[in-house]
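Line by line, the protein sequences are chains A and B. Sequential numbering from 6 applies to the first sequence in this note's numbering. Sequential numbering from 6 applies to the second sequence in this note's numbering.
These are calculated hints, taken from the structure and not from any lab test. A portion of the hints provided could be inaccurate.
In silico BS3-like links for lysine-lysine, alpha-carbon gap of 27 Å or less [as the list claims (entries may be wrong)]:
1) K266(B) - K91(B)
2) K392(B) - K222(A)
3) K266(A) - K272(B)
4) K222(A) - K152(B)
5) K191(B) - K141(A)
6) K191(B) - K147(A)
7) K83(B) - K191(B)
These figures come from a predicted structure and were not determined experimentally.
There are 2 protein chains.
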Amino acid sequence: MHDITASIEFQMSLLLFIALSGYLIASRIGQPAVVGEILVGMVIGPSVLGWITYTSFVSSIAHLGAVILLFVIGLEFKLKDIAKIKYGVIAISGIVVPWLGGYFLAVWFGFDAPRAMLIGVALCATSIAVTADTLKEIGKLKTEAAKAIIGAAVIDDVLALMALSVTNQMSAGTLSLAGTSLALVKSFGFLITGALLGHFVLTRFVNKLDGMPIARKYPEFVFIFAMMIAFLYGMMAELAGLSAIVGAFIAGVSLEGVGLKFSRSFKEGSEYLRIIFASVFFVSLGIIADVSALTPDVLGYLLLLSVVAVITKVVGCGIPARLYGLSNRDSLVVGFGMSPRGEVAMIIALLGLNQGIIDQPNYVALVLMSLLTTIVTPLVLRFWLYKGEVA
Amino acid sequence: MHDITASIEFQMSLLLFIALSGYLIASRIGQPAVVGEILVGMVIGPSVLGWITYTSFVSSIAHLGAVILLFVIGLEFKLKDIAKIKYGVIAISGIVVPWLGGYFLAVWFGFDAPRAMLIGVALCATSIAVTADTLKEIGKLKTEAAKAIIGAAVIDDVLALMALSVTNQMSAGTLSLAGTSLALVKSFGFLITGALLGHFVLTRFVNKLDGMPIARKYPEFVFIFAMMIAFLYGMMAELAGLSAIVGAFIAGVSLEGVGLKFSRSFKEGSEYLRIIFASVFFVSLGIIADVSALTPDVLGYLLLLSVVAVITKVVGCGIPARLYGLSNRDSLVVGFGMSPRGEVAMIIALLGLNQGIIDQPNYVALVLMSLLTTIVTPLVLRFWLYKGEVA
Chain A
6 MHDITASIEF QMSLLLFIAL SGYLIASRIG QPAVVGEILV GMVIGPSVLG
56 WITYTSFVSS IAHLGAVILL FVIGLEFKLK DIAKIKYGVI AISGIVVPWL
106 GGYFLAVWFG FDAPRAMLIG VALCATSIAV TADTLKEIGK LKTEAAKAII
156 GAAVIDDVLA LMALSVTNQM SAGTLSLAGT SLALVKSFGF LITGALLGHF
206 VLTRFVNKLD GMPIARKYPE FVFIFAMMIA FLYGMMAELA GLSAIVGAFI
256 AGVSLEGVGL KFSRSFKEGS EYLRIIFASV FFVSLGIIAD VSALTPDVLG
306 YLLLLSVVAV ITKVVGCGIP ARLYGLSNRD SLVVGFGMSP RGEVAMIIAL
356 LGLNQGIIDQ PNYVALVLMS LLTTIVTPLV LRFWLYKGEV A
Chain B
6 MHDITASIEF QMSLLLFIAL SGYLIASRIG QPAVVGEILV GMVIGPSVLG
56 WITYTSFVSS IAHLGAVILL FVIGLEFKLK DIAKIKYGVI AISGIVVPWL
106 GGYFLAVWFG FDAPRAMLIG VALCATSIAV TADTLKEIGK LKTEAAKAII
156 GAAVIDDVLA LMALSVTNQM SAGTLSLAGT SLALVKSFGF LITGALLGHF
206 VLTRFVNKLD GMPIARKYPE FVFIFAMMIA FLYGMMAELA GLSAIVGAFI
256 AGVSLEGVGL KFSRSFKEGS EYLRIIFASV FFVSLGIIAD VSALTPDVLG
306 YLLLLSVVAV ITKVVGCGIP ARLYGLSNRD SLVVGFGMSP RGEVAMIIAL
356 LGLNQGIIDQ PNYVALVLMS LLTTIVTPLV LRFWLYKGEV A
């Protein structure tokens, strides 16, 4: 008989069990559900018990979960609410300040220039999934601060990609203005054509599809179509060098205005998919973070790195938000909301490790910094900035 | 840049695109959706275009889809409707007749005894997914014939497992009454305890859970719990030597009687999951069947094998159904409904190939026989037996 722990049924039931335990523990200690899911994931994963590892199946399902989550988040936003110059400014400042912070911290620790630059880049990219989920859970997704965070995070992804591309080219000695410009054109090109096509063509097409015979015969047709668009946009974003989740988000924004008469609701359907698969995504964040790799001499560096990571986003995003007229509280929400580095920094750290730019302790520190910044944000939002406003 | 066709987004969007095309073509040529999905899957897959192969990702998602599908089907059945002696008799007769048919056909073709026995076993096991989906699509899932099919198919799975185990032991020279009895006890033990535990304990627990603070705080909690139970039952079934989908079905039957007051409906949620993932499962049946392996000298054998496969189930299941008082039409529905061999026969064929019991042409013929019997059933149900009753 084959090993049952390798079976899909074992892994799925354990992942969902971890998610349920995460809800229970989060509720018991008064934390957001996502924090509970990450923590229980760490306990069940290789860090402590080792009941489940980050298999390719777990990775695939978590990846699906992140894509579906951002699609669902996108469905709650109108294009005109997030495509604003001021969010671009917040994003640029929120890239430059963390990059400088990471670079100089690394130089101060005596690391060479390529390594310092890569650490700077790892501090650039915001992972929006956890913040968006937390804002959704506490009912603050429709606020001005949430729009600023989401709008800035999308542009942030483009800029972090640029920073990574420049760093890669510099360490390979192939830096060229042409190459960087091309990447910039590709990614902005995707964002703009994807959003416009979605807004003006897709919305109308889906509204029309809803009344067609095929959709009236099969009420699930439009739902399957919408999910196909979510993954297709994810793929296009990847082709343009962006994260798939940014593409899925743009797909969601594109389909926000659709009103169905006959078909099953893809908004409701994707929300049900999100419940299962985003849970697996958050659990996987705990599984992937192997804290047993944490040695005492990395600890001080890790804490400093995490503090720098949070402060540079709070300063870099919060100050422009304040200058654009957001309240002190909302500016802090933007700053802390942009702080989670999540899987983006982990991917950059892995790239750096594979290319020999950083070493193992640096890699572990970057991965755990991602996790710490990801866990801190829901706590700050819920128990400080939105204290008393959340059930 | 990595190969985009290996990305999850590419594969998911293509799989869903194939599913949509399947709906369109099925609707155009007046066939059930599942037939369209399998056919387009064959065209896009390695057989013709080769745009997608049966990667481990496709296999995982298809597997999830089959489990979720049978869980959803289970939710429509009451335990007392399917646990009946007469369905056991239909199942036993529906195992013995196809086994004899396969065995003697193989002997007639001059194959040796182990090979003939394995071919007999491959003809035993019904794959219920396609029939259940078709009956659901045409609104016949609540009929007496449907109950007979589902009830018999579950017992059929146990008996086919026995037949496979006996064949394996005979070809390895280790056949023992103790081993076979143990396997029989294990699998019936799972079915009985799983169903009773589900019926008497789980239903009450979920009803209670629905009113608990955790479920009232997080309306998705019960849905995640229900899906965890589906996969857990799938895993337990695998441990007992059965297919995971039988376990998921028993989980569905167990939760059939739950009535929720506060939580999000897991019946609705799992139905949305089914729409996406069962589509991928059906598409994958087309992808996995590489018809380019079909040579002219296999063709005659394949057709004869498929005819024997269908006739032996129609006779083996239909006659006892008729003797138990079902109408002629309903007895034929039971016989043809039990005919699809689907992925079960494919798995047995693969086992036989790997152990050197059968050769490549035999393997291809068994795989294509599975596909043919699977495609024939929805056509027969829709266009002959339920003709004029379906929109």
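(message) For a quick check of understanding: which of the numbered hints are violated here, in increasing order?
(response) 1, 5, 6
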